[in-house]
Each structure stands twice: as structure tokens, then as C-alpha cells.
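**Q** What follows is each chain in one-letter form.
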Amino acid sequence: MSDAREAEILPTPGQTVGPFFRFGVEYAGENIVVQPYSPGSVLLSGTVYDGAGEVIPDAMVEIWAADSDGSVPTGEGARIRTSHLFSGFGRAQVTGAGHYEFWTRNPGPTAPGKAPFFAAVVFARGLTDKLHTRIYLPDDEAALAADPFLASLSDDERRTVIAERDAEGNLRHDIRLQGEGETVFIRF
Amino acid sequence: MTANGPGLEPQDKITAEIVSRHQQYQDDLAAGARRTGTLLDFAPYRSSVLRHPTKDPRLVDPETIELVSPAYGHWEVAPIESDLTAQHVGGEPQGQRMVIEGRVLDSAGQPIRHQLVEIWQANAGGRYIHQRDQHPAPLDPNFTGAGRTLTDENGVYRFTTIKPGAYPWKNHLNAWRPAHIHFSLFGNAVTQRLVTQMYFPDDPLFALDPIYNSIPEQRDRDRLVAAYDHDLTSPEWALGFRWDIVLSGPQATWFEPEGDEH
Numbered sequence: 001m002s003d004a005r006e007a008e009i010l011p012t013p014g015q016t017v018g019p020f021f022r023f024g025v026e027y028a029g030e031n032i033v034v035q036p037y038s039p040g041s042v043l044l045s046g047t048v049y050d051g052a053g054e055v056i057p058d059a060m061v062e063i064w065a066a067d068s069d070g071s072v073p074t075g076e077g078a079r080i081r082t083s084h085l086f087s088g089f090g091r092a093q094v095t096g097a098g099h100y101e102f103w104t105r106n107p108g109p110t111a112p113g114k115a116p117f118f119a120a121v122v123f124a125r126g127l128t129d130k131l132h133t134r135i136y137l138p139d140d141e142a143a144l145a146a147d148p149f150l151a152s153l154s155d156d157e158r159r160t161v162i163a164e165r166d167a168e169g170n171l172r173h174d175i176r177l178q179g180e181g182e183t184v185f186i187r188f
Numbered sequence: 001m002t003a004n005g006p007g008l009e010p011q012d013k014i015t016a017e018i019v020s021r022h023q024q025y026q027d028d029l030a031a032g033a034r035r036t037g038t039l040l041d042f043a044p045y046r047s048s049v050l051r052h053p054t055k056d057p058r059l060v061d062p063e064t065i066e067l068v069s070p071a072y073g074h075w076e077v078a079p080i081e082s083d084l085t086a087q088h089v090g091g092e093p094q095g096q097r098m099v100i101e102g103r104v105l106d107s108a109g110q111p112i113r114h115q116l117v118e119i120w121q122a123n124a125g126g127r128y129i130h131q132r133d134q135h136p137a138p139l140d141p142n143f144t145g146a147g148r149t150l151t152d153e154n155g156v157y158r159f160t161t162i163k164p165g166a167y168p169w170k171n172h173l174n175a176w177r178p179a180h181i182h183f184s185l186f187g188n189a190v191t192q193r194l195v196t197q198m199y200f201p202d203d204p205l206f207a208l209d210p211i212y213n214s215i216p217e218q219r220d221r222d223r224l225v226a227a228y229d230h231d232l233t234s235p236e237w238a239l240g241f242r243w244d245i246v247l248s249g250p251q252a253t254w255f256e257p258e259g260d261e262h
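Protein chains in written order, with my numbering: chain X, 1 to 188; chain F, 1 to 262.
Just so you know, these hints were derived from the structure itself, not from any lab.
This structure is a prediction, so every number in the text was calculated from the model and none was measured.
Just so you know, not all the hints are guaranteed correct.
[As the list claims (entries may be wrong)] Selected chain X positions facing chain F (in silico; Cβ < 10 Å):
| id | residue |
| --- | --- |
| 1 | T12 |
| 2 | A59 |
| 3 | A66 |
| 4 | G70 |
| 5 | G77 |
| 6 | R79 |
| 7 | A119 |
| 8 | A124 |
| 9 | T133 |
| 10 | P148 |
| 11 | F185 |
[To be verified] Listed below are several chain X residues computed to face chain F (Cβ distance under 7 Å; list not exhaustive):
| id | residue |
| --- | --- |
| 12 | P11 |
| 13 | G14 |
| 14 | Q15 |
| 15 | V17 |
| 16 | D50 |
| 17 | G51 |
| 18 | T74 |
| 19 | E76 |
| 20 | I80 |
| 21 | F89 |
| 22 | T110 |
| 23 | R125 |
| 24 | K130 |
| 25 | L177 |
| 26 | E182 |
| 27 | R187 |
Each residue gets a CB set at the ideal place from its N, CA and C atoms; glycine is no exception.
Chain F extracted, bound-state conformation (with noise of 0.2 Å):
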């Protein structure tokens, strides 16, 4: 339509390079390559051709200051910040309302405690807030679409918001992306430093989306996946979801799972 205009490529040719760079992947692993959960280099997200670095980055023992992290205390973090239907005085946002739970683990399954959860997002009609989201749909004078938490004892945090909407984007012609949540965590060291999207279940985008096939394995795709969960869902009130998170510690590295078979 009129904002895709002519010279944007095709859907398929952008999924056919995400089949061919996954190969690719494949085939470097089998050749010895390191299993990686991102890759930097992914030419089907146009954005990342001149942005991503082109050596691999230095394996190094992470030393004092890198083993620790930024201390938030409580009283940084307000409890109505986790709540991003309750920031306007003038009403509610439009759209589903849901919350999000889940507990943040470092990778042997130790809870990430008292540490900063920071979520944004597109509003229910698939519009950001931000000044040069240029996408013609609404924007809603009761969302803003961020938030914040610190996780509790037990590494949990918890929000409500909205179901954002699909979201256009100028890729390529007809590009969207699935509803997704942006997530911003600290762990214990700063090595476990990590900002991802969390995604909903079965959306028919998973397939097309470049950001989401940045991540080179279904498993770990799966794992940005939130699961409906309707021992959170409230009756008459909201839908629940459910999301945890790992955060890597320094020794953790992407493992080759016991069978795999290439």
C-alpha cells in the first residue's frame, strides 16, 4: 500500500535468505563453528548489514567489576510502575488485558533476586509511542507502553499491560512483526547482562520475521515464547502468561545438546 512503496522486496525472497542463513549456520557448526543464541551477522534484518561486527567476539576471563552488578535499591522502582494499564489518570488503555509472570534464573536455576525488569511495547493497535513510529494506526492517550520491576526473593516479577498489536516495519515489502514485548534484565554480574523480546504462542508472523529467525534454533526461538498459563488468568479480569528467563552466567556457553545430530 502506500507506505511500502515500490523498490521494498518481496516476503519471500526475505524468508528464502532466512532458510539459507540458517543452513548456513548448520553447516558452519558441523565444520566446528561455536553454537551461538543470536547471530550478529543476519542479512534478512537489513538494519543489521553495516552493524554488526565482522570478527567474533574475544573469549575472555571476565575480571573484578564484571562479576557484579548494579545494585537497585526498593524504593528506586515504584510498585504502580509494573502496571502499564494504570499510568493515565484519564482511563484504561484499549485492548486484552493480560499479566505477565515468571521468575528470572541464572543458568543453574538460581533466582536472580531484587534486580531490574524493564518491559516497552507497541500499544493494542500495533503503534509505538515513539515519535518517529510514523505507522497509521491510533495511538491511545491511556498507553504508554513502559514499565518496570524489581524481581522478589524468589527471582519473580510480574506485570500488566496490554496484548500488544502487530507491529509494520519498512524491512521489506508487507514486513511485520509478531506481538512482542521488549525486556531489559540485569543479573547478578554484568556478563548476564540482556535485553530480548518476548513473543505469544502459535503467531503465524514466527515464520516471516527476521528478528525473530535472528536466533539461528527453534529451541532456543521457543524459548522467547510465553505460554498461556489460566492459573493467572483472572475471571472477568485478565489473561495470564507465563515467561521465564535465564540469564547466562560467565561459564555458561551455548552447550551442544547430548544426540544432536546435524
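With the rest of the complex left out, here is chain X (with noise of 0.2 Å):
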């Protein structure tokens, strides 16, 4: 009998996304992941930035988050929107001026007093792996301190993986890949 660790196998190396890659990818309501104005409803949007403080218009990014009371989505339909099941997962391509957003929910804790937070996977021509990261809800200050991540990093830090709230309720979070602000990235 071989041990547990003999038996585990290399795992397929990544490789970017290419220029190529939105006729592959991209479906209708994508980044919807409820209907725009639903009573629940929340807009999440930023821009995706290069080590220059440009704009990076070729890059995708994916959420994927607990429904509002914190409840993991099981739902089918994260390609085929017409279910109006909760299903979690969003896509968006960003725009020529490197803006995503997508129609969500405010992710609930997941357990008494845990952090929300969407987890996030950005992709990007000249991004040679995905970058996986996390966008927390900035509403829930206890919970935030409380956070081990969170606890690990400084305030500069901190604020590259917490969201703002605008006076209307929705969500910006920009996604800095390289230098000045730069987001911070988490492997598992």
C-alpha cells in the first residue's frame, strides 16, 4: 500500500488567457447574477489596473459568494441565467476602459460573526496564471478585526481586498495586478 503522498499526482500547470479569449468565454448574462434592481440586489464594479496605473482592457473576472444569509449557493443556472436560481458564480469581461461589474447579492456571513467576502479569480492577456483574491464587505467593522486573513496584513493592505459602499448601497472595488496599491493575491 502506497502512503497518501506517493499517491498524489502534479497538478496541470496554468497559462494566461491569451488576447483571443472573450469569443471563448463570454454568455449571455454573464454578470447577472440576480436582475439589476431586485429587492436584494447589488451593483459590484471597479477597474482592473497594470503596474503603470493603466487601465487594462483585456482581462476577465469571476465572483463566487454565499447568498445573503450566508447560505452556499447549490443552485444550478451560473451559465443559463433564465432558472432565476441563485446560483453565486458571475463573469465579466471588462470593458476597453478596464471596468467590471456585475448584479449580485451582499454575500451573509457564512457563520456568526464571519467576514463576507466574494471570492475572486481575475484572468488577463499577459497574465500568465489566474490570481485568485478576495473583495470583503466593508460594513461589518467587528467582523473585519476579526478576520485572520485580514489580520494579517497591513492597512494598506487591507484596503486592496475590502470594498467601498456608495451612498446607494452598491459596491466599487478596484483590482490593482502590479505595483502602487497593489492587490493582495492568496494561494491555498
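Take the two lone chains, each set in its own frame, and fit them into one complex as the hints suggest.
**A** Structure below.
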């Protein structure tokens, strides 16, 4: 009997999405996780920047998050949006101005006292592999203060993974791949 | 030629940078750096210079939502979407027809069931349908080059398509990408999300290509190359290629192989 570690097989490495991915991955309603302006809906949007502070016009952002009651979505329909089930997953192609947006819901805490966040994955031409990060909701300061990942970050770093809430209740969050204000990316 | 104006750097310079960067990776490993599958900081791929994080991604314990993945219903992908040769009423695309089949596994070797696999590729002449692809090779009115499927009970996917051509780009003078198909995969956890590229055996462009070589170790680059499989080849119809994909689990790392020497 071989030990488990020996049986572990090495993962397939990632590669860039390349320049011409949009026609291969874009689908109708991909960033409309819930209907715009429906009860409980929120607009999460921002801009993706490179190390020179220029917008990146050929990036893709994906989000995946709990429902507003903190439950993990099990609803099918991440691809065909007609079912009105909450799939929790969204994909956005940035505009020529590097802007992405999602209509979704505010995730709730998955356990009492937990800080809610969107799991996010970023892809782009020139980015050799995917990047994981988190986009935390800014509202529950006690939960944010208790979050072990956030506690490991400096104040400047924390700001790169916590969204801002605007007057309309929507969320703004920019992603910077490099340089001043570089987003904190994560691995598992 | 005219598409590549003066001022672009020669292939020899790029190739030398690739060799040098791979050596630096080995030196970093010897000095205690962690092993990685793909280098984010890989300057021979010029577009990466301003697009790679300068800080190493932080190691975190995945939480609830990160340990699961979106669920796709069988009704969300039609069977015909896995046949890239049957998407146009006008007829079949030009090029070498082929079937690609493989298994999607986790790092324990267990099948990833009922998950989404998306592919996209250039046509037989090496041209993408994307409007910004200015490569002066013809578009094929019978080929779009995008497909998707869900893995079955055993984690198996299967596509019918045509072999893409090598594709010229402007990373440097006379730059050509080896023929490849882009793959996007979902696992059982969002941590397993993967976008990568599948290549064909024995491509002479491998050593010259900055994207293929953004993976610093040969044994890892080899994992991106499909195998010709005569049992998958159909008489008088299509060649068969087999390519298995392993999605890393949260615990999976790029282990030091036993007996490895630097």
C-alpha cells in the first residue's frame, strides 16, 4: 500500500488566457447573477489596472460567493440565467476602460461573526496564470477585525481587499495587478 | 515581413532570456524559494512585465465558499456544443478533424464529475475569429473555434474539432505560438479553477515560445502536451488525442520530487 503523499499526482499548470479569449468564454447574462434592481440586488464594480496605473482592457473577473443569508449556493444556473435560481457565480469581461461590473447580492456571513466576502479570480492577457483574491464587504467592522487573513495584512494591504460602499448601497472595488496599491492575491 | 516592423527584438534574444529565467528559477529553488507551476514574473512574455504581482500570493486557509464550486446543470450545456465542426449550417470547417478526450481529476486521482470545460482556439490557418486578430490568414466561415461540455460520471470530457494552426504574434520579431487549444476548467472547489493551454506532441516551436516556457520545469510543461492515441482515432474520420487534466486541491502544492538534485 503506497502512502497518500506518493499517490498525490501533480497538478496541471495554468497558462494565460491569451489575447483572444472573449469569444470563447463570454455568455449571455454572465455578470447578471441576479436581476438588476431586484430586491436585495447590489452592483459590484471596479477597474482593473496594470503596474503603470493604466487600465487593462482585456481582463476577465469571476466572483463566487454565499447568498445573503450566508448559505452556500447550490442552485444550478451559473451559465443559463433563465432559471432565476441563485447560482452565486458571475463572470465579467472588462470594458475597453478596464471596467467590470456584476449585479449580485451581498453575501452574508457563512457562520456567526464571519466577515462576508466574494471569492474572486482574475485573468488577463499578459497574466501567465489565474490570480485568486477576496473582496470583503466593508460593513461589519467587528467581523473584519476578527478575520484571520485580514489580521495578517497591513492597513494599506487591507484596503486592497475590502470594497467601498457608496451612497446608493453599491460596492466599488478596483483591482491592481502590480505596483502602488497592488491587490493582495492569495493561494491556498 | 511587413507585419513585423523594425524595432521588434529577435528570437535569439527572447530564447536567451527564457534560458536565463529558467536558470534563475533553479537558483531560487536552491536558495529555498517555493516550487511553482507557472511563473507570473516572466519577462520574455513582454505583456506580463506590467501585469504580474510583485508580491508572492499569501497562503491562506480556504473558507466555506472557497471549498466549493458553482454547480452546472446538464441542461446548461447542449451536447452539440462539444462539436466545433458542427456549429455552422453552411458546412464543415477546413482542417484536420480530430477528437480530444481525457479525464479531469483532482490531485488524489478522483474524477471531477459534471463540471464545466470550455475551450477556444484558432482555425486551421492559425487565425482567431476575434476582431482584433489581424493575422492575414483567412477566416473560415464554418469555424468559430469555441466549445464547451460537462464532464461525465467518470470525469471524462470529449471534443470534436480541427487542429489549430500555429499563430503569429508580435511579442518579438518572427514570433509564432505553437498550435494550442485554450482550456478553462472548474473543479469541486473554486481553489481548483484552472485556465491553461493544450499543445500537440513534438512541436518545433516549443523552445521558442515565451508562453509555453512561462512554466519553468520541463516535467510540468510536458503535462500540457496531449498524446496521440490511435485507439481514439476513427477510421476515415478523425485523429484522436488524449489529454488528462489534474486540478490542484487546496492542499496540493508543487511537491519536491524525490531524489531531485539541483
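**Q** None of the hints should be skipped; say for each whether it holds.
**A** For each hint, the structure was consulted:
A hinted interface residue such as T12(X) counts as satisfied when its beta carbon comes closer than 10 Å to some beta carbon of chain F; here the least separation is about 5 Å, so the hint holds. Satisfaction of the interface hint for A59(X) is found here, the shortest Cβ-Cβ separation to chain F being roughly 9 Å, below the 10 Å cut-off. At its closest, the beta carbon of A66(X) sits 5 Å from a beta carbon of chain F; the interface hint therefore holds under the 10 Å criterion. Interface restraint check for G70(X): the shortest CB-CB distance to chain F comes to about 9 Å, inside 10 Å, so the restraint holds.
Against a cut-off of 10 Å between C-beta atoms, the interface hint on G77(X) holds, since the closest Cβ of chain F lies about 7 Å away. Given the 10 Å rule on beta carbons, the hint for R79(X) holds: about 4 Å separates it from the nearest Cβ of chain F. Against a cut-off of 10 Å between C-beta atoms, the interface hint on A119(X) holds, since the closest Cβ of chain F lies about 5 Å away. Interface hint status for A124(X): upheld, as the beta-carbon distance to the closest one in chain F is roughly 6 Å, under 10 Å.
Taking 10 Å as the C-beta contact cut-off toward chain F, the hint placing T133(X) at the interface holds, the least distance being around 9 Å. The restraint placing P148(X) at the interface with chain F holds, with a minimum CB-CB distance near 8 Å, inside the 10 Å limit. Restraint check, F185(X) versus chain F: the minimum CB separation of about 4 Å is within 10 Å; hint holds. For P11(X), the suggested interface contact is upheld, since its CB lies about 4 Å from the closest CB of chain F, less than 7 Å.
At about 5 Å, the closest approach between the beta carbon of G14(X) and any beta carbon in chain F falls short of 7 Å, and the interface hint on this residue holds. For the restraint placing Q15(X) at the interface with chain F, the shortest Cβ-Cβ distance is roughly 4 Å, inside the 7 Å limit, so the hint holds. Proximity of V17(X) to chain F holds as hinted, the smallest CB-CB distance being about 5 Å (cut-off 7 Å). Using the Cβ-Cβ criterion of 7 Å, the hint placing D50(X) at the interface with chain F is satisfied: the shortest such distance is roughly 4 Å.
The restraint placing G51(X) at the interface with chain F holds, with a minimum CB-CB distance near 4 Å, inside the 7 Å limit. A cut of 7 Å between beta carbons decides the hint on T74(X): the least distance to chain F is about 6 Å, and the hint holds. The beta carbon of E76(X) is positioned within 7 Å of a beta carbon in chain F (closest approach about 3 Å), and the interface hint is therefore held. Given hint, I80(X) at the interface with chain F, holds; its Cβ is 5 Å from that chain's nearest Cβ, closer than 7 Å.
The closest approach between the C-beta of F89(X) and any C-beta of chain F is roughly 4 Å, which is under the 7 Å cut-off, so the hint is satisfied. Checking T110(X) against chain F: minimum C-beta separation of about 4 Å stays under 7 Å; hint holds. Because the beta carbon of R125(X) sits about 6 Å from the nearest beta carbon in chain F, less than 7 Å, this interface hint is met. Taking 7 Å as the C-beta contact cut-off toward chain F, the hint placing K130(X) at the interface holds, the least distance being around 6 Å.
At about 5 Å, the closest approach between the beta carbon of L177(X) and any beta carbon in chain F falls short of 7 Å, and the interface hint on this residue holds. The beta carbon of E182(X) comes within 6 Å of a beta carbon in chain F, closer than 7 Å, and the hint placing it at the interface holds. Evaluation of the R187(X) hint against chain F yields a held restraint, the C-beta minimum of about 4 Å falling below 7 Å.
Hint check: no violations occur; every hint is consistent with the structure.
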